[in-house]
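Chain by chain, the residues run as shown.
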Amino acid sequence: MNSKNYETVIGLEVHAQLLTETKIFCSCKPEFGADPNTRVCPVCIGLPGALPVLNRESVTMAIMMGLALECDIAAVSEFSRKNYFYPDCPKNYQISMYDKPLCKNGFVEIETDAGPRTIRVERIHLEDDAGKMSHEAGKDSLVDFNRCGVPLIEIVSRPDIRTGHEAVKYLMRVQQILRYLGICDGNLEEGSMRCDVNISLRPAGSTELGTKTEIKNLNSFKAIEKGVEFEVERQRGVIEEGGRVKQVTNLWDAGSGRLVMMRSKEEAHDYRYFPEPDLLPLEVDEEWIAGVRDMIPELPLEKERRFREEYLLSNYDSGVLCAEKSIADYFEIVAESTGLAKKSANWVMREIMGALKNLGCAIKDFPVEPEKIAGLIVLVEDGIISGSAGQDVFAEMIKSGADPKEVVKELGLEQISDSNELEDMVDGIIAAHPEEGERYREGKKNLLGFFVGQVMKESRGKANPELARNIFIKKLGG
Amino acid sequence: MLSDDEIKHIEKLARIRLDGNAREKFKGQLSDIIEFVRTLQKVDTTGFESETRKTPFKPFLREGRDGGELERDKVLEQAPENKNGFFKVPPVIDKD
Ligand SMILES: [Zn+2]
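The listed protein sequences correspond, in order, to chains A and B.
Residues in the first sequence are numbered consecutively from 1, following our numbering.
Residues in the second sequence are numbered consecutively from 1, following our numbering.
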């Protein structure tokens, strides 16, 4: 079989920690970075006799994601126990959903380098998180149960993804939607969003699925793209050498950029799922769903569409501006107050986003309000200050948070747009450079740049270059 | 009848170890239970919806927060060993 004739089949399982006030089955407060074992109670560490009580907020958030991904919401769903022994799980079982998940049959739309794609979502279900372990080679392992019982939604895609690039695009879209909804902070490094990837290869055109392997521990977009590439090549190698891919779970080791085998199918778990006897089936009525529907804000794709139609922005610009809701909101205030959508978009994408990157801060902590940026854009547009002076004013505004008009006054940056004043300067410059004037009239028209440069120099950058240029053309003649 | 390997697998999953006599005894009992369910499965249930969890009660949901976290010392007391506020367990690399 030719090596080009394989199709890669990828399915993703995304775990997202919900930003609820309490854990899923108890009243403990989830808090990332809290002192170990200080956010636990008899329920979440599985002490005998403790009973779980489902947190309504976690269900609401899960429904929210379900609706955002166009899923069907089950009127009755059911929690099941998934049994396993491991020190991160004090109950010796995880409370998850098995054959009756809360949300089913949704989809995620992504933009790839090869155009738009729709990735189907099989299900979204609720479950409790496990504790966190830290391992040191050769030493005892340490366990922190604070994370036990933090609500998770698991979003399971259909095997519709074909490349590492698409996997990343899918994940970015899921992260973006979680953040728009405000139900998860989507931090891969801290683990509030985690991703397991299932990969198999099959002969192109075949509809059967090959033996799949799983990769865990992918905690950055780069790791996901690389891990997928690595595993695809490994499987291709096995098949081309006439071997058979074994069902294994691999861990991504970011340090070495390699996959490490974690367990093979022979050792795979037999989870013995059964209905959770401590919880009644979850019932969600139409009223609850309608209420959640009202809580859903404008989602990224709708917002991008509106930006294209309302502000006449390009696909690219709308995509960049809508990547984060807070940036999109900021842009809208700037655009509304200037009435100049494209100019405002450029400022937000270049200057504001550049400054955020330099400052390493989020837009909510940015020292300059959007109304003031709008003021600055208008000053430049009206020719009160030059474009380059605008940059100086912007830099000063970031430092002091001051109003742009005050900064212009303070720095004396107001542009000379007074014709009489400029004409005097132009006359002086032409008189001082008779030779250049002669050559200009003989046809060296690009000397105009030289003259405008002179007037900018003499005015210390304050001359309105457009105006000066027109005066030169008029006065030099030729 | 369950095989010896299957019984050993179940022991492993349940984290228990049975001696020879007990293993024989449970092998018989477990096999009987499975046989019983197998018999039940022969009943034609076409047209009936599964009602395994049918109760007249509505599930109770928790709203808001009322605390309830335990003091850490009390928590750590529940296990044989701890270190720096963590539970201490023998080295683990893998879920197994
Ligand atoms: Zn708790």
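Wrong hints could be hidden among the right ones.
What the hints assert, rightly or not - Label pairs and their computed distance ranges (CB to CB):
no.	chain 1	residue 1	chain 2	residue 2	range
1	B	Glu-77	A	Pro-203	41 to 47 Å
2	B	Gly-28	A	Asp-253	46 to 52 Å
3	A	Gly-46	B	Glu-51	25 to 31 Å
Said to hold, decoys possible - Below are the SDA-like pairs computed for lysine to any residue, each with C-alpha atoms no more than 25 Å apart in a straight line:
no.	chain 1	residue 1	chain 2	residue 2
4	A	Lys-100	B	Gly-47
5	B	Lys-12	B	Ile-33
6	A	Lys-405	A	Lys-444
7	A	Lys-82	B	Gly-47
8	B	Lys-58	A	Pro-465
9	A	Lys-29	B	Gly-47
10	A	Lys-91	B	Leu-70
11	A	Lys-226	A	Pro-48
12	A	Lys-91	B	Asp-66
13	B	Lys-27	B	Thr-39
14	B	Lys-8	A	Gln-94
15	A	Lys-139	A	Arg-120
16	A	Lys-82	B	Asp-66
17	B	Lys-74	A	Ser-419
18	B	Lys-88	A	Glu-109
19	A	Lys-325	A	Met-353
20	A	Lys-100	A	Tyr-84
21	A	Lys-29	B	Leu-70
22	A	Lys-222	A	Lys-91
23	A	Lys-216	B	Val-89
24	B	Lys-8	A	Lys-100
25	A	Lys-169	A	Glu-324
26	A	Lys-226	A	Pro-203
27	A	Lys-100	B	Asn-82
28	B	Lys-54	A	Thr-60
29	A	Lys-104	A	Met-353
30	A	Lys-343	A	Glu-309
31	A	Lys-104	B	Phe-48
32	B	Lys-58	A	Phe-274
33	A	Lys-100	A	Pro-116
34	A	Lys-325	A	Ala-341
35	A	Lys-364	A	Glu-31
36	A	Lys-82	A	Glu-309
37	B	Lys-12	A	Pro-277
38	B	Lys-54	A	Tyr-273
39	B	Lys-74	A	Pro-48
No wet-lab data here; the hints were simulated from the structure.
Every residue gets a Cβ at the ideal spot worked out from N, C-alpha and C, and that includes glycine.
> Lys-216 of chain A and Val-89 of chain B: Cα distance at most 25 Å?
Replying inline: Satisfied, since the Cα-Cα distance of roughly 23 Å is no more than 25 Å.
> Is the Cα-Cα distance between Lys-325 of chain A and Ala-341 of chain A 25 Å or less?
Replying inline: Holds - the C-alpha atoms of Ala-341 of chain A and Lys-325 of chain A are around 17 Å apart, at most 25 Å.
> Do the alpha carbons of Lys-29 of chain A and Leu-70 of chain B lie within 25 Å of each other, as the hint requires?
Replying inline: 12 Å, holds
>> Need the status of pair Lys-139 of chain A, Arg-120 of chain A: alpha-carbon distance at most 25 Å?
In response: The hint is violated at about 44 Å.
> Do the alpha carbons of Lys-8 of chain B and Lys-100 of chain A lie within 25 Å of each other, as the hint requires?
Replying inline: 31 Å, violated
> Is it true that the CA of Lys-8 of chain B sits at most 25 Å from the CA of Gln-94 of chain A?
Replying inline: 24 Å, holds
> Is it true that the C-beta distance of Gly-46 of chain A to Glu-51 of chain B lies inside 25 to 31 Å, as the hint says?
Replying inline: Check passed, 29 Å falls within 25 to 31 Å.
> Hey, Lys-29 of chain A versus Gly-47 of chain B, does the alpha-carbon distance stay inside 25 Å?
Replying inline: 45 Å, violated
>> Holds or violated: Lys-100 of chain A and Tyr-84 of chain A, Cα atoms, limit 25 Å.
In response: The hint holds at about 20 Å.
> Do the Cβ positions of Gly-28 of chain B and Asp-253 of chain A conform to the proposed distance bound of 46 to 52 Å?
Replying inline: Hint holds: Cβ distance 48 Å, inside 46 to 52 Å.
>> Please verify whether Lys-100 of chain A and Asn-82 of chain B have alpha carbons no more than 25 Å apart.
In response: 39 Å, violated
> Holds or violated: Lys-100 of chain A with Gly-47 of chain B, Cα cutoff 25 Å?
Replying inline: Roughly 19 Å separates the two Cα atoms, so the pair holds.
Against the hints set out earlier in the document, violations occur for numbers 1, 6, 7, 8, 9, 11, 15, 16, 17, 18, 22, 24, 27, 29, 33, 36.
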